[in-house]
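**Student:** Chains E and F are the protein sequences, given in the same order.
Everything in the first sequence is counted per my numbering, starting at 1 for the first residue and increasing by one.
Everything in the second sequence is counted per my numbering, starting at 117 for the first residue and increasing by one.
In case anyone wonders, no lab produced these hints; they're calculated from the structure.
No false leads were slipped in.
Keeping only pairs whose Cα atoms sit at most 25 Å apart, straight-line, the calculated BS3-like set for lysine-lysine is:
id	chain 1	residue 1	chain 2	residue 2
1	E	Lys22	E	Lys37
2	E	Lys22	E	Lys57
3	E	Lys22	E	Lys68
4	E	Lys58	E	Lys68
5	E	Lys42	F	Lys119
6	F	Lys129	E	Lys42
7	E	Lys37	F	Lys119
8	E	Lys71	E	Lys37
9	F	Lys187	E	Lys42
10	F	Lys186	F	Lys169
11	E	Lys57	E	Lys71
Quick caveat, the model's predicted, so the values are computed rather than measured.
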Amino acid sequence: GENVEQHPSTLSVQEGDSAVIKCTYSDSASNYFPWYKQELGKGPQLIIDIRSNVGEKKDQRIAVTLNKTAKHFSLHITETQPEDSAVYFCAATTNAGGTSYGKLTFGQGTILTVHP
Amino acid sequence: DVKVTQSSRYLVKRTGEKVFLECVQDMDHENMFWYRQDPGLGLRLIYFSYDVKMKEKGDIPEGYSVSREKKERFSLILESASTNQTSMYLCASSLGQYSPLHFGNGTRLTVT
Numbered sequence: 001g002e003n004v005e006q007h008p009s010t011l012s013v014q015e016g017d018s019a020v021i022k023c024t025y026s027d028s029a030s031n032y033f034p035w036y037k038q039e040l041g042k043g044p045q046l047i048i049d050i051r052s053n054v055g056e057k058k059d060q061r062i063a064v065t066l067n068k069t070a071k072h073f074s075l076h077i078t079e080t081q082p083e084d085s086a087v088y089f090c091a092a093t094t095n096a097g098g099t100s101y102g103k104l105t106f107g108q109g110t111i112l113t114v115h116p
Numbered sequence: 117d118v119k120v121t122q123s124s125r126y127l128v129k130r131t132g133e134k135v136f137l138e139c140v141q142d143m144d145h146e147n148m149f150w151y152r153q154d155p156g157l158g159l160r161l162i163y164f165s166y167d168v169k170m171k172e173k174g175d176i177p178e179g180y181s182v183s184r185e186k187k188e189r190f191s192l193i194l195e196s197a198s199t200n201q202t203s204m205y206l207c208a209s210s211l212g213q214y215s216p217l218h219f220g221n222g223t224r225l226t227v228t
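Kindly produce the complete structure, drawing on both the sequences and the hints.
**Tutor:** Printed below as a string of structure tokens:
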């Protein structure tokens, strides 16, 4: 099955700096890569996603890049703010036999702390 | 806005008890999932369901079962709770393969 490795496990930055979180996956058939943010006491929430036919996607201060050859993808957050402090999870999924559902495999999570 | 509601925020149970974790979603989603979250291990899939009365094993189904009698409700059952099942349990629903997972706020289960 799919295996997703995420690094670093913790990341501490100053407000205004950039933050980068990296993930690698094992299944070359994986074709969808979402990122989730989990704030304290809440469930994870999707912040950005990318499909395998795209190399980069941006949404305001966040961007995701995908390198299919190397089987890794990264989350970039620019101009970090204290409210960006949270746990971030990457994930990967394959088209499970052409069914309408996807089985996501998550990374281990990164605790991001942005210091004012 | 999609709402996924988990019946309990915190639960404390004794070893050997049968435990039910309930989850309800209000957006008519086909797919529902149960994940377990442990520090350093991320979210691991226990079971999922893509239709009423249908269920599929995830990556760590041992010691768990599920029930989906109605489209909006997905229950996780611990037949005989053990201390190694102490964890945060997250329920989620989605519309389809490339649709976002909508998570509940989780149930923190402690088995003593």
